[in-house]
Every structure is written in structure tokens, then in C-alpha cells.
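Chemist: So you can see what is in the structure, the chains are spelled out below.
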Amino acid sequence: MKTGLYISGLAHAALILWLLFGSLFLARDNEDLLQVSQVSILSEAEFAALSAPEPVSVAPATSTNAPARPQPPAPEPEPEPEPEPAPTTPEVAPADIDRVAPEAAPEPEPLVEVAPVVRDPVTPDQAGDVTQPETQATAPEAATTEIVTEVTETAELAPATSARPHARPNRTAPTPEPEPDPEPETETAAATDPLADAVATAVAEATEPSPVPSGPPLSQGEMRALQVSVGNCWNVGSLSSEALGTTVVVGVEMTPEGRPEIASIRMVSFSGGSEASARRAYETARRAIIRCGATGYNLPSAKYEQWREIEMTFNPENMRIK
Amino acid sequence: MKQITKVAFLVLALGASACTNPGRFDNMGGAGAGGAIVPGSAADPSSPVYFQQTVGDRVLFEVDQSTLGADARDLLVKQAAWLMENPDFTAIIEGHADEQGTREYNLALGARRASAVLNYLIDRGVAPNRLRTVSYGKERPIEICSDEACYSQNRRAVTVISAGGLTS
Amino acid sequence: MSLHKTLNLARKLLLVALAGLAFAAPAQSEPLRIEITEGVIEPLPFAVPNFQAENASAGEMAQSIARVVAADLAGTGLFREIPSSAFISTVTSFSSPVQYADWKAINAQALITGAVSVGTNGKITVKFRVFDVFSQGQLGEGLQFAGSAGSWRRMAHKVADAVYSRITGESAYFDSRVVFVSESGPKNARQKRLAIMDYDGANLQFLTDSSALVLSPRFSPTGDRVLYTSYETGFPQIFLLEIANVGRSALPTPNGNMSFAPRFSPDGNEVVFSLENGGNTDIYRMNVGGGGAQRLTSAPSIETGPSFSPDGSQIVFTSDRSGTPQLYVMSANGGAARRISNGAGRYNTPVWSPRGDLIAFTKQNAGRFHIGVMRTDGSEERLLTASFLDEGPTWSPNGRVIMFTRESQGASGAAALYMVDITGRNLRRVTTQGAASDPSWSPLQ
Numbered sequence: 001m002k003t004g005l006y007i008s009g010l011a012h013a014a015l016i017l018w019l020l021f022g023s024l025f026l027a028r029d030n031e032d033l034l035q036v037s038q039v040s041i042l043s044e045a046e047f048a049a050l051s052a053p054e055p056v057s058v059a060p061a062t063s064t065n066a067p068a069r070p071q072p073p074a075p076e077p078e079p080e081p082e083p084e085p086a087p088t089t090p091e092v093a094p095a096d097i098d099r100v101a102p103e104a105a106p107e108p109e110p111l112v113e114v115a116p117v118v119r120d121p122v123t124p125d126q127a128g129d130v131t132q133p134e135t136q137a138t139a140p141e142a143a144t145t146e147i148v149t150e151v152t153e154t155a156e157l158a159p160a161t162s163a164r165p166h167a168r169p170n171r172t173a174p175t176p177e178p179e180p181d182p183e184p185e186t187e188t189a190a191a192t193d194p195l196a197d198a199v200a201t202a203v204a205e206a207t208e209p210s211p212v213p214s215g216p217p218l219s220q221g222e223m224r225a226l227q228v229s230v231g232n233c234w235n236v237g238s239l240s241s242e243a244l245g246t247t248v249v250v251g252v253e254m255t256p257e258g259r260p261e262i263a264s265i266r267m268v269s270f271s272g273g274s275e276a277s278a279r280r281a282y283e284t285a286r287r288a289i290i291r292c293g294a295t296g297y298n299l300p301s302a303k304y305e306q307w308r309e310i311e312m313t314f315n316p317e318n319m320r321i322k
Numbered sequence: 323m324k325q326i327t328k329v330a331f332l333v334l335a336l337g338a339s340a341c342t343n344p345g346r347f348d349n350m351g352g353a354g355a356g357g358a359i360v361p362g363s364a365a366d367p368s369s370p371v372y373f374q375q376t377v378g379d380r381v382l383f384e385v386d387q388s389t390l391g392a393d394a395r396d397l398l399v400k401q402a403a404w405l406m407e408n409p410d411f412t413a414i415i416e417g418h419a420d421e422q423g424t425r426e427y428n429l430a431l432g433a434r435r436a437s438a439v440l441n442y443l444i445d446r447g448v449a450p451n452r453l454r455t456v457s458y459g460k461e462r463p464i465e466i467c468s469d470e471a472c473y474s475q476n477r478r479a480v481t482v483i484s485a486g487g488l489t490s
Numbered sequence: 491m492s493l494h495k496t497l498n499l500a501r502k503l504l505l506v507a508l509a510g511l512a513f514a515a516p517a518q519s520e521p522l523r524i525e526i527t528e529g530v531i532e533p534l535p536f537a538v539p540n541f542q543a544e545n546a547s548a549g550e551m552a553q554s555i556a557r558v559v560a561a562d563l564a565g566t567g568l569f570r571e572i573p574s575s576a577f578i579s580t581v582t583s584f585s586s587p588v589q590y591a592d593w594k595a596i597n598a599q600a601l602i603t604g605a606v607s608v609g610t611n612g613k614i615t616v617k618f619r620v621f622d623v624f625s626q627g628q629l630g631e632g633l634q635f636a637g638s639a640g641s642w643r644r645m646a647h648k649v650a651d652a653v654y655s656r657i658t659g660e661s662a663y664f665d666s667r668v669v670f671v672s673e674s675g676p677k678n679a680r681q682k683r684l685a686i687m688d689y690d691g692a693n694l695q696f697l698t699d700s701s702a703l704v705l706s707p708r709f710s711p712t713g714d715r716v717l718y719t720s721y722e723t724g725f726p727q728i729f730l731l732e733i734a735n736v737g738r739s740a741l742p743t744p745n746g747n748m749s750f751a752p753r754f755s756p757d758g759n760e761v762v763f764s765l766e767n768g769g770n771t772d773i774y775r776m777n778v779g780g781g782g783a784q785r786l787t788s789a790p791s792i793e794t795g796p797s798f799s800p801d802g803s804q805i806v807f808t809s810d811r812s813g814t815p816q817l818y819v820m821s822a823n824g825g826a827a828r829r830i831s832n833g834a835g836r837y838n839t840p841v842w843s844p845r846g847d848l849i850a851f852t853k854q855n856a857g858r859f860h861i862g863v864m865r866t867d868g869s870e871e872r873l874l875t876a877s878f879l880d881e882g883p884t885w886s887p888n889g890r891v892i893m894f895t896r897e898s899q900g901a902s903g904a905a906a907l908y909m910v911d912i913t914g915r916n917l918r919r920v921t922t923q924g925a926a927s928d929p930s931w932s933p934l935q
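Those protein sequences? They're chains A, B and C, same order as listed.
Quick note: the first sequence uses the numbering used here, first residue 1, plus one each step.
Quick note: the second sequence uses the numbering used here, first residue 323, plus one each step.
Quick note: the third sequence uses the numbering used here, first residue 491, plus one each step.
One chain only, chain A, in its complex shape:
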């Protein structure tokens, strides 16, 4: 029992740490949807040279052989964009007035803002979403998990694309011990990690004697069904290649009906990319959980305690450009 106390102490410390760092992954909940960062970035003169509406036909220039010129491209562009005070509409609160150079749009989000998790008390089942047309429940439109190019269609030179490997059922086997570290890093070799070993043992010891009143663990088939359901909505087609190299672990709490509590969705951790790419990867994962869970995942309600909290590791390794 001494060990138990020790571990319990550590646990509390860890929880505190978790609260500290975990907050990194909780979205700002005070996001004002109506905030507009007012930026005026394009000067009139800047475009003068480019704004010829029609293809300009060329007139012969001075010498007979000299190429003709397009329409005289107007006054010299002023180098600096004149910052135009943007008209402020009453309902648009001018927050963070940034003067942005004519580069692209800024990424104003602070690092801590992982994603705009809306602290919306309205859960889908209360919002009348259930009565929405079945479109939500239908499978996503014809999509592909393989890339067929002109080249692959033709020759023997084609990059060999093969069917995607089937899921590795071993990984998801409903063993009572926790998954090794779900991060796809090399350190996943939990067997060599004494800490993880100790934890696994501890958990195993802890769970064995005390019967959990939540039914047996999910069967392999039930786990697989959940994986497929979420995967069906996990659309990585619009991710940057860096985000496609980023694995995110997303935590979610489920309602007894098998729907995700939107407000509970959070990024637990990420690996293999920058904050920014992790944010995009997380947004995609979050969208997958919400979309395909809108009508509830097919989970055995008798085992609710087993899946009340889920941590999903979204590992796009197999989805990367090959």
C-alpha cells in the first residue's frame, strides 16, 4: 500500500502538471465570433499597373523590331500601402488592429490557442440536430484512400501503389493494460521503458482485483467498428504535407448515446510537426469525431464506462503522399 500512496502522490502532482500544461490544449473559450482584425493592406497605386481589365493589345514601339509595350502601367506604385482606417461597424469590435504589410494574411492566433473550441453548452442532441436530415449519417462522398495519377494508370514505371495495409488488430486488442505510449515516436517500445512497465503493472494489479462495474472491455470487433466509423470522416485531403506528418492524440468524452461531447474534445498531445501543423491536424481530427458521431457511434451501451472517455490517436502515416 505504500507503493499505492507513493503513486497516488505522484498522481496528484501529475494532475497539477496536467492542468498546467493541459491548458495549452484547451481552446480559448472567450472567443468572440464577431471580432474582426481590421487590416487595410492594399494600396490603390499598387495595382494601377496591373488593373488593365482586358488583355492589352500591343502597339508597335519606337523601333520596328522592338517589342511593343503594354498599356503604360500608370503611376509608380507607392511602396507603402496606405493604411486605410477601416470603417468600423458597431457590431464589429476592432480588436487587435494590426497593420499588415501586403504579404499574406497573418496568423494571429497565439501559440496557446490550439483551436477554437466553442464552449457551447448546447450539445447536439439538445439542439435538435437529431432531427436533421440523414445526410449527416450517410457516409462521406466517394473518396479515395489512394492516389491515382496519369502515371499510375499507365506504365510499369508507375509508383507502386498498393492497397492500404489493414489495421493491425493487435494494437487495438482489448487488453486491460493501457496502450503503451500512444505517441508514434520511437519510444513507443514500452517494453523497454521501465516507467511504462511499472505503470502497466500497477494498472494491471489495480484493475484485476477490483471488478469494474462497467461491463467487459470492448471486443476487437467493437473497437474496429469505432476505428472505421471515425476514419470514414477523417478527411486528410486538405492537410498540408507537414500536417500530414503530424500525429495528434485527441481526447473526447462520450454521452451514453454514443455521441461525442463537443465541448470535451481536446488535443492531448501531438508529435512529428509544429504547433501550427498540429493545430490543423487536430482540427481535422475534431471534425471527424463530430461529423461521424453526430448520430452516435455504434457502441455497446452496456459497456459505457469503458468508452465514456476515449483517446484517439490520429496517425496519418499511411495517408501520406507515397
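It should be emphasised that the hints constitute simulated quantities derived from the structure, not laboratory data.
Since we're looking at a predicted model, the values are computed, not measured.
Virtual Cβ for every residue (Gly too), placed ideally from N, Cα, C.
Don't take each hint at face value.
To be verified - On the chain B side, residues computed to face chain C include the following (Cβ under 8 Å):
hint, residue
1, Val-371
2, Arg-425
3, Ser-468
Stated by the list, open to error - Computed, partial: chain C to chain A, Cβ under 7 Å:
hint, residue
4, Pro-521
5, Leu-522
6, Arg-523
7, Glu-528
8, Gly-529
9, Asn-545
10, Leu-874
Chain A is already provided as a structure; the job is to place chains B and C on it using the hints.
Modeler: Only chains B and C this time, still in chain A's reference frame:
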């Protein structure tokens, strides 16, 4: 006197335009202006037209090659002889490639072919300062089909005779 | 300690913590852990309702801008537009709350709303927001652009650029231009002239007339100058053209018969190019303004098609020193070169990607042409296209898309511009007026 200079100038101008008109690549045949032994016509052995039509102005190359075959060398011997007999003319040797290659590589390949001809003519005694090369790569095919029948005609070096100097 | 390590530690501690909790409160179970490795690749469905016209004179422009934004996004192949005929709710005001349920119902995953107003001075203001419909939140904050009415297309492209990067996490390429060769006339007497247009084909302008053959224009890294090869003097020679005033001048290259295949250095101050002398073509570099010429290769073989790495330290080029054209990489100061292309066939026109990780090239093999990409060490070669004649890749500013020339076969063959994603998906033709070849993509403006 005035008239004569005008006519001479006109003839020169015509000759020059025959060399620089981009359309010349598709009419290798009828450049002559007609008459029987009109100076400058195909019947005049010292005319560029005679060189083009009777001596032969082009040699062909194998795929990717710039080496001169036996036929090409025979022809270049005749070209060199003509150039030696007509010392008032200069020549620009145009190198060409077929369309089976990328633009810039084919420019370099055309230059290599033109240079092979130039070096051969120099070896046969033509003064280097009367010769210059230019490459058109695949920009100016003479045959326009996409078969070897056309490609073999397009992989060529053409010796273009002109009366003027070789300034660029 | 990096954040990542911190997280790892935090995770481990959490495991311990959970183990402890298991003792303390057996009912508190572990979260269920699953790994998702198989998703789908499909275009993300988005909706762009017409932008709000905030005053009467903005009506037409509000509609046009929304259309350009939608076309930009859909054109990437990463997004799919949901037609307005499917919309359930309409957006009546830029500031009114979004009816998420209505957009969810039609499976719009991203919603872009915007408003346009025209000022008394003819200036227009465009503002927009992006919503993640299923997460019921905004992606980033709203943004606003102002500019002249004549530049409305650019402002639309800027909106699309911002939307693209908010969803994908990488920069976009919509507010960019392409300089290319506009072609006309029969195959054996082709007329060519330089032209410039927006990346999507709009706003075409000619930069030269067709009195002289012009080849292979190349944008400067700042997008204001172009290097190209012209037969203006009768012999191929590199010219430098200022886009703003269309002034051009011959590059004062070292003496040689023919100079061609120019490309700017990443800082825009230097040019790397090919110079032919006595039938032999080698690679040189020099200052754009003249001087500082340096010969980088000296082999009897053809060396051409040089392209700098984005950091300016290396140059990739084509050489047929092995017997066929292959790709090599050398220091930007010359010296030993290592061959990077290893497959069967001939490799030409290498171009280093703006991200620095890939090299695009033209490959010719077994009677077909391909545009392909490989890593800079030559590994992971991937062919993206196949046709009778593809050549001359140029990278989009974000390194995600490649534009190139595709020429059709036969006597009536003509050149056109095509784009393809570096995954090989979304191959499509770029709209141009008439035949076009040799595109060069500008940086993002």
C-alpha cells in the same frame, strides 16, 4: 546610277530577307526568282539558291547524335568547295533538333550539331571568320508530323549562305 | 525542455497518475485508446454564399469576388464547392450569427462569409470570415482588405489565400502571376511572345511582340523582373525585362555564341545560365547587373538547365556527361557534382522547390514524357504526369503545385499550360487565350 544602286539594294534586301524570314523553314524548294540564267537564280552556280538546291545545304543526324556520317561528310566536302569558290559569301550554320527532347537541352544539342558542321568546313579550308553557328533547338521543325519520318528530317544542320558579314 | 518533451513527461506522469487513481477509485477507468490510421482523402466541402454588398454599388463586385474565392479554392482539388442551390439558409448580414445546423445539414464543413463595400473614392473594402461548421467556431479571426476597384480580383485571391492557409496550415498561391510564352502560327513557323497573367489566366498582358522568338522566361524572386532568351539579335541571348515598364536589356554575358537557360539566384542578385561556345555548353553565374562572371562547369558534355536551391548554396542541373541527360547537384560555386537521377530514361529541366525538399524535373522514357519530383538526393522519385510531351515544370509559391507545358502530338500539335498537385492529383489545364508554353510562376505577391 541611282537606279542601279536601288536595284542592287533591293536584290540584297531580298536575299537578306530570304535568310531571316521565319517562314523560310517550310519552303526549301522554290526560292529562285524565275529566269534561265539570271544571276542569283538557281541556275547561277555562284548563287546561294544554287548552293541550297544543287549543292545541298543540310546534313542530318541520328537521334541524340552530333557526329557526321559518311553522307554528311561527302556533302560538307561539296559545301566547303563551294564556299572556297565563292569567297564573298559567308554562312550561318543552323543546328536543329527534333521535338523529342526538352527545349533547353535541344538548344544545346542543336549547337553541338551546328558546331560539328562548322568544324568540318574549317577543316576543309573555309576561313573561320566566314562561318558562324546558331541553334534553334526544336523551335523550327521543317517537317511537322510526330513520327520518325519527320524527326529524321528535323535533326539537321543547315548551312545558310548570305552575302553580308557575320555581325550579330 | 521542449514543449514536446514536456508533453511526453506529462503523459507519462499522467499514466502514473491514472494508475494511482485506479487504486484510489477503481470505478474511474482508463480512457479507451484507439488509433486511427485509415482516413479518407477527399476534397473538403465548403460553401461561399455571395458576399454581402454593404452599399448598392458593391452588388456586382460582391458576387464576383465570392465567385473568384470559390474558384480558387475548388481549383486546388483540396476543396469542393457546395452549390448555392443546396443552401438551406441564406446569409443576410455579415454580422449575424451563423446557422450552423443549416450548413451541417448540407455537409458544408467550411463556410466563408464576406462583405464588400465601395467607398466614395472608388476604393473597395472586402472583409471575410471562415467558419468550421462542425466545430461551430471561427477559424482565425475575420480579416479585411482594402484596395482599388480595379484590383478586386487580387483582393479575392487574397481572401482565398487566407482561407486556404487557415484550413490547410500552409501558405497558398492564388495571389500570384505567371509569365509564359504565348504561341501562335503553324508548327514550323511558330510565333512566340512573352506574356504575363494571373495564375488563373485572368489579366493577360503581352510583354514583347512576336518579331523575335522568345523562350523560357523566368521570374525573379520578387516577381518584378523576368529573365528570358530571345533571338532578337538573330542569336539566342538572355534578356532582362522589368515588368513595371517593360524595359528590357541584354544580359552582358561573357563572350560566347549563345546564352540561354537563365534562372535567378534566390536573392535575385545573380543569374545562373548556360553559355555555348564552340558547340560546348557549360554553366556560368554572374551578377544581374553585369560582372562577377564565374564559370561553374567545364566539361565537353552539355551542362544546362541550372536551378539554385532556395538557400542559394547548391545548384541542380542537367548534364549528358554519362551519355544521356541526367540530373546533378553541385555547390553554387561549382566543383564536383553528384548525380542524383538514377531511373531509366532522360532527365531534364530540374527545378528546386521553394520549400527546398524536392526537385521537379522532366523525364523522357519509352517514348513518353513525364513531370516528376524527387527528393534532393534523388530518392523517392515520383512521376506525376504522362503524355506525348510534357516539360518545363515551375513551382507554385507554396511548393504544392507544379505548372508545366503539355504539347499535343502531330502536325496540328499545340502547347498548353497544365497544373498538377505534387501528389499527382488534380491535373488540369490552365485557361489561356491561345497556345502557351514555358510557364514561370511568380512568388506570392
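Chemist: Against this structure, judge whether each hint is valid.
Modeler: Hint by hint, here is what the structure shows:
Taking 8 Å as the C-beta cut-off, the interface hint given for Val-371 (chain B) is violated, the closest approach to chain C being about 20 Å. The beta carbon of Arg-425 (chain B) is positioned within 8 Å of a beta carbon in chain C (closest approach about 6 Å), and the interface hint is therefore held. With a cut of 8 Å, the hint placing Ser-468 (chain B) at the interface with chain C holds, because the nearest CB-to-CB distance is about 4 Å. Taking 7 Å as the C-beta contact cut-off toward chain A, the hint placing Pro-521 (chain C) at the interface holds, the least distance being around 4 Å.
Restraint check, Leu-522 (chain C) versus chain A: the minimum CB separation of about 5 Å is within 7 Å; hint holds. Against a cut-off of 7 Å between C-beta atoms, the interface hint on Arg-523 (chain C) holds, since the closest Cβ of chain A lies about 4 Å away. Annotation: interface hint on Glu-528 (chain C) holds; nearest CB of chain A at approximately 5 Å, less than 7 Å. Against a cut-off of 7 Å between C-beta atoms, the interface hint on Gly-529 (chain C) holds, since the closest Cβ of chain A lies about 3 Å away.
Hint status for Asn-545 (chain C): violated, given a least beta-carbon distance of 11 Å to chain A, over 7 Å. Taking 7 Å as the C-beta cut-off, the interface hint given for Leu-874 (chain C) holds, the closest approach to chain A being about 6 Å.
Hints 1 and 9, counting from the list given before, are not met by this structure.
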